[in-house]
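Q: Sequence:
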Amino acid sequence: MKEVLVVYYSQTGQLLDILENMVSPLKQENIAVSYYRIMPKEPYEFPWDKEKFFDCFPESFLQIPSGFHPPEEEILRKKYDLVILGYQVWYLTPSIPINSFLISDIGKSLLRDRPVMTVVACRNMWIQAQEKMKRLLVQAEAKLVGHIALVDRHINHISVITISHWMLSGKKDRYLGIFPKPGVSDKDIKEAIKFGAPIKEALLVEDFSNLQENFLKLGAVRINPYLVLTDKRGNVLFSKWANHIIKKGGPGKPPRLKWIRIFKYYLLFAIWVIAPIVFIVFLLTYLPRYQRRKEDKAYYSSVALKENR
220 MKEVLVVYYS QTGQLLDILE NMVSPLKQEN IAVSYYRIMP KEPYEFPWDK EKFFDCFPES
280 FLQIPSGFHP PEEEILRKKY DLVILGYQVW YLTPSIPINS FLISDIGKSL LRDRPVMTVV
340 ACRNMWIQAQ EKMKRLLVQA EAKLVGHIAL VDRHINHISV ITISHWMLSG KKDRYLGIFP
400 KPGVSDKDIK EAIKFGAPIK EALLVEDFSN LQENFLKLGA VRINPYLVLT DKRGNVLFSK
460 WANHIIKKGG PGKPPRLKWI RIFKYYLLFA IWVIAPIVFI VFLLTYLPRY QRRKEDKAYY
520 SSVALKENR
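Using the numbering used here, you'd call the opening residue of the sequence shown number 220 and step up by one each time.
Since the hints were made in silico from the structure, they are not lab data.
Do not take every clue at face value.
[What the hints assert, rightly or not] With a straight-line Cα cutoff of 25 Å, these simulated BS3-like cross-link-like pairs (lysine-lysine) come out:
no., residue 1, residue 2
1, 391, 406
2, 327, 298
3, 391, 409
4, 351, 221
5, 400, 246
6, 298, 419
7, 516, 483
8, 409, 419
9, 351, 362
10, 246, 297
11, 419, 362
12, 436, 353
13, 516, 436
14, 390, 271
15, 246, 419
16, 269, 390
17, 353, 525
18, 362, 436
19, 260, 406
20, 483, 466
21, 390, 409
22, 390, 483
23, 451, 353
24, 260, 466
25, 400, 419
26, 269, 466
27, 400, 483
28, 353, 298
29, 477, 269
30, 298, 221
31, 477, 466
32, 483, 269
Model the full structure from these sequences, guided by the hints.
A: Structure representation (structure tokens):
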């Protein structure tokens, strides 16, 4: 009997739909699939309150953990042949609940010496979040064997508007009746089932060495060089903001909220003014940096970890 554990945190349910479609081909007599939904002790409400949405930025980006409810004893007792880890990206970083799980003793005990594949569902920028995920898995002594990234495929500024509407209203519909639906498309969610076959094959033969290569043949990862550059630049700027704001007190404290509001306006400025400038720089340096971007594409599509990236 092969044992598979699906660990995830999802506010909207989109990620769970993806994971359930993905593992549906695994459900047979000699494969058992268990689910563990990470439940924070202080839940993150959905739809988000706007102030709380921005106020979680420092802890999210700085990867400061929070409490969560442990899984049932039955899950803790088993040794799994594969762990599938589904996560969201908050502020260019794995979400607080997922981060908290990964650095906890519970997370490390479930992941140690286990093959792990990651599944991210987000707006578009996941590259540096996945690099942080790789480091967390190394610290947990787990082996990353595969990665799938499903994203909103609309252009950057359109997806900013639609995802904001979804997160703050709770409605995954066409904003104003003219914008596209936010998030991962219904088509991509439904077609996540296609990744089940290579997972099943690798699981039954106990060989995950070709899993990521097989995922890539199915379009599991698409690398946008411009977003790679934007993601890197964003992490540099977010680091300065997060380290400054965290010194102003805990969540909800007036001195901190003042800086959170300033950060909110900065973020809007960065999206609508700085990001287009970054795009112009990207275009001007495209040919001189073509080889490096080709190498980046190969690396970020893989499950390897190079600290100098």
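Q: So, for every hint listed, does it hold in this structure?
A: Hints, verified against the model:
In summary, the hint linking residue 391 to residue 406 is supported, as the alpha carbons are separated by about 15 Å, within the 25 Å threshold. A threshold of 25 Å between alpha carbons decides the hint, and for residue 327 with residue 298 the separation of about 13 Å falls inside it, so the pair holds. Distance hint between residue 391 and residue 409 is fulfilled; the C-alpha atoms sit about 16 Å from each other, no more than 25 Å. For the hint linking residue 351 to residue 221, the alpha-carbon distance of about 29 Å lies beyond 25 Å, and the restraint is violated.
Straight-line distance between C-alpha atoms of residue 400 and residue 246 comes to about 31 Å, which puts the hinted pair past the 25 Å bound. With a C-alpha separation of about 18 Å, the suggested pair residue 298 and residue 419 falls inside the 25 Å cut-off, and the hint holds. Only pairs whose Cα atoms come within 25 Å are accepted, and residue 516 paired with residue 483 is rejected, the gap being roughly 31 Å. Of the supplied pair hints, the one linking residue 409 and residue 419 holds, its CA atoms being roughly 18 Å apart against a limit of 25 Å.
The suggested pairing of residue 351 with residue 362 holds, with an alpha-carbon distance near 14 Å, which does not exceed 25 Å. A hinted pair counts as satisfied when its Cα atoms are at most 25 Å apart, and residue 246 with residue 297 qualifies at roughly 18 Å. At roughly 18 Å between alpha-carbon atoms, residue 419 and residue 362 fall within 25 Å of each other, so this suggested pair holds. Annotation: proposed proximity of residue 436 to residue 353 holds, straight-line Cα distance about 22 Å (limit 25 Å).
A hinted pair counts as satisfied when its Cα atoms are at most 25 Å apart, and residue 516 with residue 436 qualifies at roughly 15 Å. Between residue 390 and residue 271 the CA atoms are separated by roughly 18 Å; this keeps the pair inside 25 Å, and the hint holds. Annotation: proposed proximity of residue 246 to residue 419 holds, straight-line Cα distance about 9 Å (limit 25 Å). Using a Cα cut-off of 25 Å, the hinted pair residue 269 and residue 390 holds, with the two alpha carbons roughly 15 Å apart.
For the given pair, residue 353 sits about 10 Å from residue 525 by alpha-carbon distance, which is consistent with the 25 Å threshold. For the hint pairing residue 362 with residue 436, the CA-to-CA distance comes to about 21 Å; that is within 25 Å, so the pair holds. Taken as a hint, the residue 260 and residue 406 pair is broken in the structure, with Cα atoms around 34 Å apart against an allowance of 25 Å. Proposed proximity of residue 483 and residue 466 is supported: the alpha carbons are some 17 Å apart, at most 25 Å.
Using a Cα cut-off of 25 Å, the hinted pair residue 390 and residue 409 holds, with the two alpha carbons roughly 20 Å apart. At roughly 22 Å between alpha-carbon atoms, residue 390 and residue 483 fall within 25 Å of each other, so this suggested pair holds. Simply put, residue 451 and residue 353 have alpha-carbon atoms about 16 Å apart, close enough for the 25 Å limit, and the pair holds. About 24 Å separates the Cα atoms of residue 260 and residue 466, which keeps this hinted pair within 25 Å; it holds.
Between residue 400 and residue 419 the alpha-carbon distance is near 32 Å, which puts this suggested pair outside the 25 Å criterion. Between residue 269 and residue 466, the direct Cα distance comes to roughly 21 Å. Compliance with the 25 Å bound is thereby established for this hinted pair. Between residue 400 and residue 483 the alpha-carbon distance is near 24 Å, which keeps this suggested pair within the 25 Å criterion. Note on residue 353 and residue 298: the hinted pairing holds, with a Cα-Cα distance of about 21 Å set against a maximum of 25 Å.
For the suggested pair residue 477 and residue 269, the alpha carbons sit about 14 Å apart, so the restraint of at most 25 Å is met. For the suggested pair residue 298 and residue 221, the alpha carbons sit about 10 Å apart, so the restraint of at most 25 Å is met. Taking the CA atoms of residue 477 and residue 466, the gap is about 12 Å. The hint holds against a cut of 25 Å. Distance hint between residue 483 and residue 269 is fulfilled; the C-alpha atoms sit about 10 Å from each other, no more than 25 Å.
Hints 4, 5, 7, 19, 25 from the earlier list are contradicted by this structure; the remaining hints agree with it.
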